[in-house]
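Visitor: Line order of the protein sequences matches chains A and B.
End of the first sequence = 541 in my numbering, gap-free, step of one.
End of the second sequence = 833 in my numbering, gap-free, step of one.
To be clear, the hints were calculated from the coordinates, so they are not data collected in a lab.
Take these hints with a grain of salt, some might be off.
To be verified - The list that follows gives simulated cross-link-like pairs (lysine to any residue, SDA-like), each with its CA atoms no further than 25 Å apart:
hint : chain 1 : residue 1 : chain 2 : residue 2
1    : A       : K92       : B       : D543
2    : B       : K800      : A       : A443
3    : B       : K700      : B       : L624
4    : A       : K55       : B       : Y547
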Amino acid sequence: MNKQALSPLWTHLTSEGNRTGTWRAALPRYQDQPSPCLGACPVSGRIATWIGHVKAGDLRAAWEVLCDNNPFPAIAGRICHHPCETACNRAKLDETVSICALERHVGDAALAAGWGFEAGPERGVSVAVIGGGPAGLSAAYQLRRAGIAVTLYEAREALGGLMRYGIPSYRLAREVLEGEIARITAMGIDLRLGTGVADAAALEALAGAHDAVFLATGASLPKRLPGLDYGAGFVVDSAAFLVAPEEEQKAMTGAHVLVIGGGSAAMDVARTARRLGRRVTVMTLEPEGQLPAQQVEIEEAAEEGVAFITGAMLKHAEGGETVTITAVRVRFEPGETRGQFSVSEIGGSAFSLTCDTIIPAIGQDADLARWGAVLGADGPVVGRRAGRIRAGGDVASMERFVTHAIGMGKEAAREIIAELAPDAPLPAPLPGPLVGYARINTAYHPGHPRVRQPSAPLSARLQSFAEVQQPLPAEAARREAERCFSCGTCIHCDNCYLYCPDMAITRLLPGYEVKTDYCKGCGLCVAECPTGAIHMQEDVP
Amino acid sequence: MDISRYEDHGQFCSGHAACGGCVEALTMRVILNEIGPDAVGVVAPSCTAVILGGYPTSSARIPFIHGLIETAAAMGTGVKRGLAAQGKGDTTVVCFAGDGGTYDIGIQALSSAAERNEDILYVCFDNEGYMNTGGQKSSSTPHGAATGSTPLGKATVKKNLIEIMVAHRIPYIATASPSHLADLAAKVRKARAIRGMKVLIVVIPCLPGWGVADDSAVRVARLAVESGVFPLMEVENGTTWRIASEQTRPIDAYLASQKRYRHLSDGEREALQAEVDAGFARLKALEAINPG
Ligand SMILES: Cc1cc2nc3c(=O)[nH]c(=O)nc-3n(C[C@H](O)[C@H](O)[C@H](O)COP(=O)(O)OP(=O)(O)OC[C@H]3O[C@@H](n4cnc5c(N)ncnc54)[C@H](O)[C@@H]3O)c2cc1C
Ligand SMILES: Cc1ncc(C[n+]2csc(CCOP(=O)(O)OP(=O)(O)O)c2C)c(N)n1
Ligand code: SF4
Ligand code: SF4
Ligand code: SF4
Numbered sequence: 001m002n003k004q005a006l007s008p009l010w011t012h013l014t015s016e017g018n019r020t021g022t023w024r025a026a027l028p029r030y031q032d033q034p035s036p037c038l039g040a041c042p043v044s045g046r047i048a049t050w051i052g053h054v055k056a057g058d059l060r061a062a063w064e065v066l067c068d069n070n071p072f073p074a075i076a077g078r079i080c081h082h083p084c085e086t087a088c089n090r091a092k093l094d095e096t097v098s099i100c101a102l103e104r105h106v107g108d109a110a111l112a113a114g115w116g117f118e119a120g121p122e123r124g125v126s127v128a129v130i131g132g133g134p135a136g137l138s139a140a141y142q143l144r145r146a147g148i149a150v151t152l153y154e155a156r157e158a159l160g161g162l163m164r165y166g167i168p169s170y171r172l173a174r175e176v177l178e179g180e181i182a183r184i185t186a187m188g189i190d191l192r193l194g195t196g197v198a199d200a201a202a203l204e205a206l207a208g209a210h211d212a213v214f215l216a217t218g219a220s221l222p223k224r225l226p227g228l229d230y231g232a233g234f235v236v237d238s239a240a241f242l243v244a245p246e247e248e249q250k251a252m253t254g255a256h257v258l259v260i261g262g263g264s265a266a267m268d269v270a271r272t273a274r275r276l277g278r279r280v281t282v283m284t285l286e287p288e289g290q291l292p293a294q295q296v297e298i299e300e301a302a303e304e305g306v307a308f309i310t311g312a313m314l315k316h317a318e319g320g321e322t323v324t325i326t327a328v329r330v331r332f333e334p335g336e337t338r339g340q341f342s343v344s345e346i347g348g349s350a351f352s353l354t355c356d357t358i359i360p361a362i363g364q365d366a367d368l369a370r371w372g373a374v375l376g377a378d379g380p381v382v383g384r385r386a387g388r389i390r391a392g393g394d395v396a397s398m399e400r401f402v403t404h405a406i407g408m409g410k411e412a413a414r415e416i417i418a419e420l421a422p423d424a425p426l427p428a429p430l431p432g433p434l435v436g437y438a439r440i441n442t443a444y445h446p447g448h449p450r451v452r453q454p455s456a457p458l459s460a461r462l463q464s465f466a467e468v469q470q471p472l473p474a475e476a477a478r479r480e481a482e483r484c485f486s487c488g489t490c491i492h493c494d495n496c497y498l499y500c501p502d503m504a505i506t507r508l509l510p511g512y513e514v515k516t517d518y519c520k521g522c523g524l525c526v527a528e529c530p531t532g533a534i535h536m537q538e539d540v541p
Numbered sequence: 542m543d544i545s546r547y548e549d550h551g552q553f554c555s556g557h558a559a560c561g562g563c564v565e566a567l568t569m570r571v572i573l574n575e576i577g578p579d580a581v582g583v584v585a586p587s588c589t590a591v592i593l594g595g596y597p598t599s600s601a602r603i604p605f606i607h608g609l610i611e612t613a614a615a616m617g618t619g620v621k622r623g624l625a626a627q628g629k630g631d632t633t634v635v636c637f638a639g640d641g642g643t644y645d646i647g648i649q650a651l652s653s654a655a656e657r658n659e660d661i662l663y664v665c666f667d668n669e670g671y672m673n674t675g676g677q678k679s680s681s682t683p684h685g686a687a688t689g690s691t692p693l694g695k696a697t698v699k700k701n702l703i704e705i706m707v708a709h710r711i712p713y714i715a716t717a718s719p720s721h722l723a724d725l726a727a728k729v730r731k732a733r734a735i736r737g738m739k740v741l742i743v744v745i746p747c748l749p750g751w752g753v754a755d756d757s758a759v760r761v762a763r764l765a766v767e768s769g770v771f772p773l774m775e776v777e778n779g780t781t782w783r784i785a786s787e788q789t790r791p792i793d794a795y796l797a798s799q800k801r802y803r804h805l806s807d808g809e810r811e812a813l814q815a816e817v818d819a820g821f822a823r824l825k826a827l828e829a830i831n832p833g
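Full structure from sequences and hints, please.
Guide: Written out as structure tokens, the structure is:
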């Protein structure tokens with residue numbers, strides 16, 4: 001249009017001169033916040049972030065994010081008790097995301113590709129790690145990443161702790177265990193295998209020779225069942241049974257094995273015995289549904305033909321041609337903290353049964369007396385610390401899980417790094433409260449059932465110690481990753497930008513910025529965010 | 542996120558006077574950006590007119606003529622014919638009006654423009670009442686909804702503008718919602734390419750008029766679509782019907798999301814549910830006998 005021809009009555013300004021930002025009482029703020037799965041994860045994994053990389057098909061980036069907190073994604077993706085899945089927001093829409101199977105997917109990809117870790121620039125300080133189980137290895141890994149020298153003392157001839165000498169290969173293939181451990185030792189660790197640290201004095205000496213010590217010797221003293229003569233030939237120690245080679249395991253057991261206990265170890269003893277061709281009965285104090293083992297382990301044991309007697313207590317066992325036991329039904333009351341409980345016998349409920357071998361697997365205690373002079377023997381304490389000595393894993397906690405041990409090893413290492421190498425970079429924790437379901441706009445997350453992890457056919461399972469749980473096919477893994485809401489993590493979907501009626505959001509590349517001149521503070525951007533990565537904050541211009 | 546994708550080319554400007562959180566402004570943003578710079582608008586007195594701006598400023602980058610509430614379609618007719626006479630027949634002419642200006646006061650002009658099949662895109666921002674004058678009922682106000690002039694709830698049902706327009710056999714009639722912005726943009730694009738009369742009716746949950754929280758109008762619009770209260774649909778030439786949205790939830794959450802239905806008894810709510818079900822079933826039946 002010809003400028004001169006414009007009537008003076010014609011509109012000649014846009015509305016942009018009106019600063020509508022002055023109307024506002026609150027301003028949106030972009031801030032990634034922790035997802036509930038992260039809150040429940042024993043290693044505080046950035047689950048929403050790495051699953052986001054799986055969605056985008058970038059498994060390398062996913063693996064790197066995973067390994068910030070846990071150098072064992074292929075192991076955790078197989079045997080973690082995955083409390084993350086119980087906390088997952090998606091369960092409120094349809095079903096929880098298969099986080100654990102996705103973690104395995106990423107971990108396996110890393111092993112297949114041979115991705116490795118790099119040690120940080122050397123800092124001239126050294127730490128002694130005692131115990132080469134998940135807690136000790138996790139700490140060693142974090143320390144090496146920060147460039148701190150590590151000397152690792154392990155009583156046995158190989159690393160891994162109960163991951164090697166407890167958890168059987170049908171749940172954790174040995175090449176996976178070897179692969180993830182080798183990646184850590186390749187970072188340069190002064191390994192002292194077959195070198196136990198004997199006592200408090202030896203511990204003190206190490207504390208003198210190093211800048212810090214991390215004690216992660218696990219819990220190795222088996223709890224004892226009253227009413228059972230551990231010297232009797234028909235009683236077999238569960239730890240000894242699990243580490244023995246197959247031929248020895250066969251020699252240790254008769255035709256019908258009675259396993260006592262309802263945790264992971266008891267399930268592993270039972271399922272191992274089934275693989276030897278034994279008939280197996282598991283007896284637990286806990287009633288059905290309250291066994292401490294993971295549900296999937298219990299289901300798989302039952303599928304494999306393990307019989308269960310729940311809510312019962314062994315009273316007496318008598319050897320002879322076969323072993324005759326007497327037992328009684330009990331009422332079970334869980335206690336305040338994990339591992340504590342009380343039982344009361346139900347009158348007139350006594351029963352008996354016969355078997356050939358009894359394997360009690362009712363848990364282990366930490367050998368605190370050994371370190372008594374240094375740590376005190378008043379029961380396990382998380383993060384127990386005396387001067388330069390910190391402790392973590394089973395020796396210091398009743399949370400007897402691999403990923404708790406990994407998480408405690410990481411936390412101890414981060415404390416040590418903050419002290420000894422304050423300028424080494426440490427990932428900052430996400431600020432703010434856990435992002436609850438109410439902050440997820442589910443209109444952007446259509447319903448899709450959870451992808452099920454496949455298992456080996458039952459017929460094949462009892463014939464070998466090969467892994468039962470099978471990997472997710474790549475396409476299924478990507479689809480499963482798509483189910484994740486990305487709670488609290490911006491996915492750069494542009495919704496906030498596109499829904500603002502006031503054009504008050506600018507797209508940066510990457511990210512977004514709120515124009516305070518125009519934002520009226522309505523909160524539509526927050527309401528239409530599919531992930532809860534933006535929130536309103538009081539703001540009076 | 543396919544549901545919200547559209548392109549912003551700066552055709553609608555910040556600093557406009559819409560209430561914070563108003564989805565009428567949001568809808569204008571999508572429509573004006575989809576129409577682009579080669580367009581002239583006319584607007585009837587309405588919230589839209591207020592949002593477009595007080596002289597001498599405008600929130601739209603295309604020129605808008607502010608006219609009388611009776612005359613949006615008539616003004617659009619004149620502008621289009623004037624442009625055509627100047628050899629600018631490709632320039633889009635868009636009419637913006639509220640439901641009062643469409644269902645009630647402007648229906649004569651609309652009906653005659655439709656009968657003549659004028660080449661204009663007529664957008665009705667349907668906030669189901671005379672809202673910029675304080676929230677009186679219009680013939681678009683639904684059965685049971687309270688307004689300033691129907692404080693106990695409107696006694697009669699919402700006028701069926703779609704079927705009125707269908708009776709004119711115009712090339713294109715569509716409904717749209719601010720909860721489905723990609724769909725809205727696609728419908729504007731489609732309408733622009735069609736010669737002749739196009740009518741687009743967009744549901745606009747009005748924050749003060751319906752009693753909706755500042756951050757919730759998109760959610761309320763989504764509930765309207767999902768509960769079948771405001772289905773997303775298209776009718777071409779009066780004979781090809783397409784109902785694109787499904788009725789996936791009862792109306793309870795929709796009713797509960799607004800203050801204008803607060804007074805309803807359980808029995809009245811059930812009666813409204815039955816009305817919505819019957820209306821949706823009727824649409825599906827019409828679609829079945831007029832397939833696309
Ligand atoms: C049969 C079984 C199955 C299990 N299954 C699961 C499961 O499925 N999922 C799960 O999360 N958890 C499971 N657990 C528990 C889990 O294995 C432990 O919680 C975890 O291994 C604890 O790690 P840690 O590093 O603290 O101790 P450990 O794994 O016990 O490692 C301690 C290490 O320290 C070494 N050590 C001990 N004393 C000394 C010393 N004086 N000097 C030097 N070295 C020493 C030991 O040889 C060992 O290598 C299972 C446990 C058992 C027994
Ligand atoms: C003939 C006439 N009567 C009354 C008015 C006053 N008036 C201006 S806008 C308006 C309300 C229009 O309502 P609607 O078309 O539904 O648009 P909304 O305000 O809801 O956007 C009224 C009554 C007018 N401009 N012209
Ligand atoms: S939806 Fe994703 S981010 Fe949210 S809790 Fe579940 S796994 Fe974590
Ligand atoms: S949608 Fe726009 S105006 Fe509303 S709070 Fe967000 S940035 Fe501000
Ligand atoms: S709406 Fe999308 S782009 Fe905006 S903060 Fe949320 S996730 Fe990020």
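Visitor: Each hint should be assessed against the structure and marked as holding or not.
Guide: Here is how each hint holds up against the structure:
1. K92/A x D543/B: holds (23 Å)
2. K800/B x A443/A: Roughly 23 Å separates the two Cα atoms, so the pair holds.
3. K700/B x L624/B: violated (33 Å)
4. K55/A x Y547/B: holds (23 Å)
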